[in-house]
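Chemist: Given chain A, work out where chains B, C and D with the ligands should sit, using these hints.
Protein chains: 4
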Amino acid sequence: MIRLMMIGDVFGRAGRRALKDNIPGLVRDEQIDLVLANGENAAGGNGMTRENAREIFAAGVDVITMGNHVWNKKEIINYIDKEKRIVRPYNYPPGTPGTGFGLFKTKNNDMVGVVNLSGRVFMPELDCPFRCADQVIPILREETPVILMDFHAEATSEKAAMAYYLDGRLSAVCGTHTHVQTADERILEGGTAFITDVGMTGPRDSVIGVKKELVVHKFLTQMPQKFEAANGLYQFNAVIIDVQRDTGQAVAIKRIQNYE
Amino acid sequence: MIRLMMIGDVFGRAGRRALKDNIPGLVRDEQIDLVLANGENAAGGNGMTRENAREIFAAGVDVITMGNHVWNKKEIINYIDKEKRIVRPYNYPPGTPGTGFGLFKTKNNDMVGVVNLSGRVFMPELDCPFRCADQVIPILREETPVILMDFHAEATSEKAAMAYYLDGRLSAVCGTHTHVQTADERILEGGTAFITDVGMTGPRDSVIGVKKELVVHKFLTQMPQKFEAANGLYQFNAVIIDVQRDTGQAVAIKRIQNYE
Amino acid sequence: MIRLMMIGDVFGRAGRRALKDNIPGLVRDEQIDLVLANGENAAGGNGMTRENAREIFAAGVDVITMGNHVWNKKEIINYIDKEKRIVRPYNYPPGTPGTGFGLFKTKNNDMVGVVNLSGRVFMPELDCPFRCADQVIPILREETPVILMDFHAEATSEKAAMAYYLDGRLSAVCGTHTHVQTADERILEGGTAFITDVGMTGPRDSVIGVKKELVVHKFLTQMPQKFEAANGLYQFNAVIIDVQRDTGQAVAIKRIQNYE
Amino acid sequence: MIRLMMIGDVFGRAGRRALKDNIPGLVRDEQIDLVLANGENAAGGNGMTRENAREIFAAGVDVITMGNHVWNKKEIINYIDKEKRIVRPYNYPPGTPGTGFGLFKTKNNDMVGVVNLSGRVFMPELDCPFRCADQVIPILREETPVILMDFHAEATSEKAAMAYYLDGRLSAVCGTHTHVQTADERILEGGTAFITDVGMTGPRDSVIGVKKELVVHKFLTQMPQKFEAANGLYQFNAVIIDVQRDTGQAVAIKRIQNYE
Ligand SMILES: [Fe+2]
Ligand SMILES: [Fe+2]
Ligand SMILES: [Fe+2]
Ligand SMILES: [Fe+2]
Ligand SMILES: [Fe+2]
Ligand SMILES: [Fe+2]
Ligand SMILES: [Fe+2]
Ligand SMILES: [Fe+2]
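Chains as they are written, first to last, in the working numbering: chain A, 1 to 260; chain B, 261 to 520; chain C, 521 to 780; chain D, 781 to 1040.
I should point out that these hints are in silico values taken from the structure, not numbers from a laboratory. Fair warning: this is a prediction, and the values are worked out from it, not measured in the lab. Hints are not guaranteed to be accurate.
Said to hold, decoys possible - In silico DSS-like cross-links for lysine-lysine, where the CA-CA straight-line distance does not exceed 25 Å: (1) B:Lys334 <-> C:Lys738; (2) A:Lys254 <-> B:Lys514; (3) A:Lys73 <-> A:Lys20; (4) D:Lys854 <-> A:Lys218; (5) A:Lys73 <-> D:Lys991; (6) D:Lys998 <-> A:Lys82; (7) D:Lys862 <-> A:Lys218; (8) D:Lys1006 <-> A:Lys218; (9) B:Lys334 <-> C:Lys731; (10) D:Lys991 <-> D:Lys800; (11) A:Lys84 <-> A:Lys74; (12) C:Lys593 <-> C:Lys604; (13) B:Lys478 <-> B:Lys333; (14) A:Lys211 <-> D:Lys800; (15) C:Lys594 <-> B:Lys486; (16) B:Lys365 <-> B:Lys478; (17) A:Lys218 <-> D:Lys853; (18) B:Lys334 <-> B:Lys471; (19) B:Lys333 <-> C:Lys746; (20) B:Lys514 <-> B:Lys367; (21) C:Lys746 <-> B:Lys486; (22) A:Lys73 <-> D:Lys854; (23) A:Lys211 <-> A:Lys226.
Next comes chain A alone, as it looks inside the complex:
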């Protein structure tokens, strides 16, 4: 069995602290083989600096996936091509810096495929994530049947459709982007683990990571509002997924919510 942990969008300073506080214990106690985290909000809510990425890897993350905020810190364009442990949504146009999938070795030398895709409903205009999945999964399956997708999308329908579409072809479809963990984790008929959203790892007393009074003010006034990451205690949101080494089928998915 291979045990994967996927951590929901890491948001700002509180999110990064949550990684340091939680990953070592979980890896040890839960015997996790590979740790993934969505890093699109690592830099105070928007994007991820090189320094953020270093901090996240140092905290025990093996692979960082991204989302619609991937380019918010422009410096990522300079380092993403060199850092193969960062995977950005595959469905950006060809020629986009970085890569959309990768193969990663666990501590026990097992190979795990990782894909990142962005949804298109209420999201940027990218290539069709369903057809992109059709392209990428066979490439990864040549190396390993153990494959996890971070599907970064807004609409619950698009996420569920993706999971059903791919059921049996990969180990897990983990939704991200809404910053709220859903209570619908399950193993689909074909053996694919699915959760609509893993949630957020960041400041708890916030509106999806942002200082709540700023978001409320924005809704009340409809005027432009600079958002800032909230301070204070963190929440750590993740899922742990058990996958059969030889078939790539998931046999268990468990939600994690830790609090400071």
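Modeler: Chains B, C and D with the ligands alone, transformed into the frame defined by chain A:
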């Protein structure tokens, strides 16, 4: 203490069956004082017929709230004004059939205020739900501090902002619309219970209620696709909230997921 | 010189009548070599039946282009593959019925390439129209430098960006979809004729073709509203473009607005 | 007769230069009584500084209307309440800085009412512009029947619906926001002048004012792109409307397109 149960979007035949199977036992075992359900998808996914409403009330629901699908079955325009137990989003323009809030008596003769509002992010262009809440809540509070809002919205940020904005002014903000239950139920500092989404009561093996192959086909082809409610076993999604009779403050919120 | 006429979205009965009344005279007086019309609203506003297509061809249209309403009349799926004179947006997924570009002969046996693409801003989630143009134009240019694109899009920025992106690679970029003719027709530096929107050929006293009181009611009430084509007198909106036979460069573009 | 000139969105340096070059001659030759201009893009595309406003007034503009970019230069919050000649969209929430309508005297001491509203289709979530118009127009009509609306909106349907809804109640509905002048100026049955979009006064060789290569790059890459105002020669887009002093009915509307 007053115990309220809010049931997530009732979807089609399976959803209506779930109500009959689950409400009586829950009301008895959990000692529930008032049962609310979102009915916007009662008629096979779109809208609610008069017959659907009768069936839902007969199953033990005391108040039906609605959402963006409220007008999909046109006949509702004919009966919504006579049926005071149906509450549609308040932020439709003045003159819209039906009403957006109401006062309802529990079995023990306690008064409970109910408001329904629709979000505006990725949703129809209605009046500002925040300012509408500011209007309605004082009216209800003249009668009772025990007030529950069904905030029918897509974006997690809009739902959380609403809950924080109203914290301490009403008993509960229950999100609906995404059809996926979230795992973030909690009592905010001011005593307002909050969950981003209560989830869906309808066919489990589906994409948010719809036959999954139809939704997948729609995403793959981008061609118009008539959606049909899925068949098969149901899920029942709800929350149970305990509210202090005299202060209106919530002291507990518990998620319910029952399966056929 | 080759003279092309592109007619804006043909809307309902009034639009079809406008074709019969206007095309013969214009073809004769203006010496037009090829007549194109956008037919996505031919059937009372939504889609195009086989009978509509026959009527449009009989009125003197040589090529029908389409848009986001292409599939509204489902019967088109049955006849679009047999009728090579219908060109639907190319950027639907591979496998979609119909074709997205074609080569057509003028009365003088000159070859004209036609491409239809849909924008993505405020529109359905299709493949990137810019990259699709990069694919199609070279294919057509192997046969002829005289190429006209119907770019069916909402946002003025996307239409202008497309025209500048393709300037010098094809003869004309004609915007459609908004149903309002723009006054910005011009020849770009590289020799490509451009207009943001050709306009609508349909009922004049209407809101973009629809009975105006229905549209106003929809905006006022935010309730679902069945739209119907307006009656009454028509407007005929088109552009006439002169293209050099050997270079494919446009030398003139002229707007046409005829009224009943 | 009162002659009004409404100038389309003034974009950046080229737009401001166009005002200085064109207004004096037009006012003199066309005998214009009141000059209005949309200023939301005056500051290099985004918002309007105090200095921009001074420059625009000095160029001969009597009233500046705004749009969705009104708040992009934050300093406007400080000066908009003192400068009554700036009118921002009325349908922002109560309490928003500035005002949404005003009464202005022409050179001959005639009173002209001006309203600014923002559409809601593909635009920010503001109050219903139709119901806001119902509120404002009677207030202005108590002083004068000569009333011009700048309806800043994206969708052609929303603009046309507004014009038909208000036909006979005000002198003119001038659409702005798309930056492309439409060729549909006309007087409606009830005597209201209407044009879907007045167009843009700014750099001609651009994508709606922005350096075209930046916009093309944005569409091709879907990566964030800082937009900059284009340089070079300007275009000046406006309409001139003749209104009967005593009835407020428009009798003529004429489009203006001047080029450097
Ligand atoms: Fe995120
Ligand atoms: Fe995101
Ligand atoms: Fe629903
Ligand atoms: Fe809904
Ligand atoms: Fe159309
Ligand atoms: Fe269209
Ligand atoms: Fe503008
Ligand atoms: Fe604008």
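Chemist: Does each hint fit the structure? Answer for all of them.
Modeler: Do the hints match the structure? See the list:
no. : hint                   : in the structure
1   : B:Lys334 <-> C:Lys738  : holds, 14 Å
2   : A:Lys254 <-> B:Lys514  : holds, 19 Å
3   : A:Lys73 <-> A:Lys20    : holds, 22 Å
4   : D:Lys854 <-> A:Lys218  : holds, 14 Å
5   : A:Lys73 <-> D:Lys991   : holds, 23 Å
6   : D:Lys998 <-> A:Lys82   : holds, 24 Å
7   : D:Lys862 <-> A:Lys218  : holds, 24 Å
8   : D:Lys1006 <-> A:Lys218 : holds, 23 Å
9   : B:Lys334 <-> C:Lys731  : holds, 20 Å
10  : D:Lys991 <-> D:Lys800  : holds, 22 Å
11  : A:Lys84 <-> A:Lys74    : holds, 18 Å
12  : C:Lys593 <-> C:Lys604  : holds, 18 Å
13  : B:Lys478 <-> B:Lys333  : holds, 23 Å
14  : A:Lys211 <-> D:Lys800  : violated, 45 Å
15  : C:Lys594 <-> B:Lys486  : holds, 11 Å
16  : B:Lys365 <-> B:Lys478  : violated, 44 Å
17  : A:Lys218 <-> D:Lys853  : holds, 16 Å
18  : B:Lys334 <-> B:Lys471  : holds, 23 Å
19  : B:Lys333 <-> C:Lys746  : holds, 13 Å
20  : B:Lys514 <-> B:Lys367  : holds, 21 Å
21  : C:Lys746 <-> B:Lys486  : holds, 17 Å
22  : A:Lys73 <-> D:Lys854   : holds, 23 Å
23  : A:Lys211 <-> A:Lys226  : holds, 10 Å
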